[in-house]
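Undergrad: From just these sequences and the hints, can you work out the full model?
Protein chains in written order, with numbering that gives the first Met the number 0: chain A, 0 to 348; chain B, 0 to 348.
Quick caveat, the hints were computed from the structure, so don't treat them as lab data. There may be inaccurate statements among the hints.
No copy is singled out in the list; a pair is fine if it fits within one copy or between any two copies.
Unchecked claim - Cut-off 25 Å, straight-line C-alpha distance, at most; resulting in silico cross-link-like pairs (DSS-like, lysine-lysine):
| hint | residue 1 | residue 2 |
| --- | --- | --- |
| 1 | Lys26 | Lys152 |
| 2 | Lys69 | Lys9 |
| 3 | Lys222 | Lys26 |
| 4 | Lys223 | Lys26 |
| 5 | Lys152 | Lys223 |
| 6 | Lys223 | Lys309 |
| 7 | Lys301 | Lys222 |
| 8 | Lys309 | Lys210 |
Number of protein chains: 2
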Amino acid sequence: MSQQRTELGKIGEFGLIDRLSKSVQIKNESTQKGIGDDAAVMQYGNRSTVVSTDLLVENIHFDLIYTPLKHLGYKAVAVNVSDIYAMNARPTQITVSLAISNRFSVEAIEELYKGIHAACEHYGVDLVGGDTTSSLRGLVISITAIGVADADKIVYRSGARAGDILCVTGDLGAAYLGLQVLEREKQVYLETPDMQPKLEEDDYIVGRLLKPEARKDIFEFFKKAEIVPTSMLDVSDGLSSDLIHLCRQSNVGALVEEAQVPIYEKTFQKALDFKFDPIICALHGGEDYELLFTISPRDIDKIRFQTEIKIIGEITPIKDGIQLHTKGGRMIPLVAQGWKHFQRDGDDD
Amino acid sequence: MSQQRTELGKIGEFGLIDRLSKSVQIKNESTQKGIGDDAAVMQYGNRSTVVSTDLLVENIHFDLIYTPLKHLGYKAVAVNVSDIYAMNARPTQITVSLAISNRFSVEAIEELYKGIHAACEHYGVDLVGGDTTSSLRGLVISITAIGVADADKIVYRSGARAGDILCVTGDLGAAYLGLQVLEREKQVYLETPDMQPKLEEDDYIVGRLLKPEARKDIFEFFKKAEIVPTSMLDVSDGLSSDLIHLCRQSNVGALVEEAQVPIYEKTFQKALDFKFDPIICALHGGEDYELLFTISPRDIDKIRFQTEIKIIGEITPIKDGIQLHTKGGRMIPLVAQGWKHFQRDGDDD
Numbered sequence: 000m001s002q003q004r005t006e007l008g009k010i011g012e013f014g015l016i017d018r019l020s021k022s023v024q025i026k027n028e029s030t031q032k033g034i035g036d037d038a039a040v041m042q043y044g045n046r047s048t049v050v051s052t053d054l055l056v057e058n059i060h061f062d063l064i065y066t067p068l069k070h071l072g073y074k075a076v077a078v079n080v081s082d083i084y085a086m087n088a089r090p091t092q093i094t095v096s097l098a099i100s101n102r103f104s105v106e107a108i109e110e111l112y113k114g115i116h117a118a119c120e121h122y123g124v125d126l127v128g129g130d131t132t133s134s135l136r137g138l139v140i141s142i143t144a145i146g147v148a149d150a151d152k153i154v155y156r157s158g159a160r161a162g163d164i165l166c167v168t169g170d171l172g173a174a175y176l177g178l179q180v181l182e183r184e185k186q187v188y189l190e191t192p193d194m195q196p197k198l199e200e201d202d203y204i205v206g207r208l209l210k211p212e213a214r215k216d217i218f219e220f221f222k223k224a225e226i227v228p229t230s231m232l233d234v235s236d237g238l239s240s241d242l243i244h245l246c247r248q249s250n251v252g253a254l255v256e257e258a259q260v261p262i263y264e265k266t267f268q269k270a271l272d273f274k275f276d277p278i279i280c281a282l283h284g285g286e287d288y289e290l291l292f293t294i295s296p297r298d299i300d301k302i303r304f305q306t307e308i309k310i311i312g313e314i315t316p317i318k319d320g321i322q323l324h325t326k327g328g329r330m331i332p333l334v335a336q337g338w339k340h341f342q343r344d345g346d347d348d
Numbered sequence: 000m001s002q003q004r005t006e007l008g009k010i011g012e013f014g015l016i017d018r019l020s021k022s023v024q025i026k027n028e029s030t031q032k033g034i035g036d037d038a039a040v041m042q043y044g045n046r047s048t049v050v051s052t053d054l055l056v057e058n059i060h061f062d063l064i065y066t067p068l069k070h071l072g073y074k075a076v077a078v079n080v081s082d083i084y085a086m087n088a089r090p091t092q093i094t095v096s097l098a099i100s101n102r103f104s105v106e107a108i109e110e111l112y113k114g115i116h117a118a119c120e121h122y123g124v125d126l127v128g129g130d131t132t133s134s135l136r137g138l139v140i141s142i143t144a145i146g147v148a149d150a151d152k153i154v155y156r157s158g159a160r161a162g163d164i165l166c167v168t169g170d171l172g173a174a175y176l177g178l179q180v181l182e183r184e185k186q187v188y189l190e191t192p193d194m195q196p197k198l199e200e201d202d203y204i205v206g207r208l209l210k211p212e213a214r215k216d217i218f219e220f221f222k223k224a225e226i227v228p229t230s231m232l233d234v235s236d237g238l239s240s241d242l243i244h245l246c247r248q249s250n251v252g253a254l255v256e257e258a259q260v261p262i263y264e265k266t267f268q269k270a271l272d273f274k275f276d277p278i279i280c281a282l283h284g285g286e287d288y289e290l291l292f293t294i295s296p297r298d299i300d301k302i303r304f305q306t307e308i309k310i311i312g313e314i315t316p317i318k319d320g321i322q323l324h325t326k327g328g329r330m331i332p333l334v335a336q337g338w339k340h341f342q343r344d345g346d347d348d
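TA: Below you can see the structure in the form of structure tokens.
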């Protein structure tokens, strides 16, 4: 083994993935798309199979102090299924692997599975396998989702062209604020365990974090409206980061209108309560699992009256970069902010 | 949540899987086979896609004190690919998800990937995706393997019929003894770190544990010889446990000839050194990743001169149970022994 030691933090997750995937060479004709999109694509005949996988680790991805196990199970499925929809494919099967410490009872694991089953029911997917094993401590959930699509309907991150319309579904920033609320309540709870948390007024934003839904409805709408987006991905890292992924892979720039970025009223208010700028939450918050996509301008009339789809800007030539047109009329470059940067910004506010 | 608390240890992994999979209902036409075999099977047209997934947790499935990371990467792929071969399918793609603590350097993870790439190369599979995330401590590896087969060539655990010939590939028990050797050396190392381990003479059995190979050659032989086994699975839990799986799912019994169970000379000798009965190691050892399968008697001539395939018995009616015909001429029922039981037996010897 090499004597060199590079800390993981130094190159980050994307740096690591870049480094590790450099040496990957495709050997099978059926491999249409490997690493680098929401899901891998395998093609047999004129049908494509898409596969996506996620690993969720206790105290990294979820905190069982405020995450009910049933919700966790539901979310674990929803976030994977979201990757399949982000390919414009229909999710059909999932596998679920668990590493469980003896801290968990059988009933607790059944509770987790209730959520998994509920999500399978909602998204119409079959639970077809997995692996159950022990862990010394903590819970690890690994989910792989499989979906199908006609080969010519698969949507990659790389298909956006200058002039395309940039859209996002639903609203953004709520999941991030939901996390802030829960973290605050957790501190209160740890200090005074008898205190009941007051979460009723925050139902919406807390729900967005704990029980996100994948946009099955949008996938079905595309089919009905005969729209094939030119590019698409789901907003898991944050609008800003995910738009940068899309632009890099499509080799284009983008212009985002701040005034058009959808923020739900309660999210807006809660951001102000926390002394955050709401647009910062919407741009960098992540975990909303909305779909960010581009369509050809000729499809614009098909989406104009869809309340769940918002036009937030357009795709530009790469030389124009990725810009935010602020409400104040300024143009500022959009940059990817990880959680850490963002939290520091938040603290500074 | 229910107030009842059932300990996981009380019902075991298979009990848990039974309990959790009871409520699974198949919704998609393409789902041919869900939980309960080496891999799930999805069918599109006349081609089938098979999917298998495994979760490997540090200090549960591997001990980095004696497991080189490169070997670990290779093994993680090999054991998944083994499940695909056990369906008589050709592995084509894998996804690899990692949870990594900051104890690991980038170079260490690259070392792990060297093994993963080497296995991908050897088995002709494409690494098509995954998820890389942090863990608070320890390494978790989740691998999903995908394969293809003609729909009528898929082999399940459930197809064995009375009169079929029972076969196993390679030899058994070595991986278990490899583990004993490494555990012994680990103790020596922990007590006297300067001492170099003496492993040369145990190369074969230690290699069987650290760098198992999936039986690609047997899959290719079946194709060439035009054999479709009537049932098959890979020997991961141990011949005894895995034969019981096969018999339960096929609704049959089996008769195993002790004298025919293949044990490599070095394995036999090492078992005696440890004061274990070699046949016990071969029956209950596990982790050998050989293929256990049944063929129709009319195919017997096709395998008779294959040195890598050993006929170890036959399938009997279910009423006859699962029996071992010992070298001494006695008939004793084969029972599943978990590692714990086995180790206790070993101690008693």
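Undergrad: Hint by hint, say whether it matches the structure.
TA: Verification of the supplied hints:
With identical chains, the CA atoms of lysine 26 and lysine 152 are at most 25 Å apart both within one copy (24 Å) and between copies (23 Å). When the C-alpha separation of lysine 69 and lysine 9 is checked against a cutoff of 25 Å, the pair qualifies only between copies, where the shortest distance is 22 Å, while the shortest distance within a copy is 36 Å. For a Cα distance limit of 25 Å, the shortest separation of lysine 222 from lysine 26 across copies, 20 Å, qualifies, whereas the shortest one inside one copy, 32 Å, does not. With identical chains, the CA atoms of lysine 223 and lysine 26 are at most 25 Å apart between copies only, with a shortest distance of 22 Å across copies and 36 Å within one.
Proximity of lysine 152 and lysine 223 under a CA criterion of 25 Å is satisfied intra-copy only: 13 Å inside one chain copy versus 37 Å between copies. Taking the shortest alpha-carbon separations for lysine 223 and lysine 309, only the intra-copy value of 18 Å comes in at or below 25 Å, while the best inter-copy value is 57 Å. For a Cα distance limit of 25 Å, the shortest separation of lysine 301 from lysine 222 inside one copy, 12 Å, qualifies, whereas the shortest one across copies, 52 Å, does not. For a Cα distance limit of 25 Å, the shortest separation of lysine 309 from lysine 210 inside one copy, 22 Å, qualifies, whereas the shortest one across copies, 53 Å, does not.
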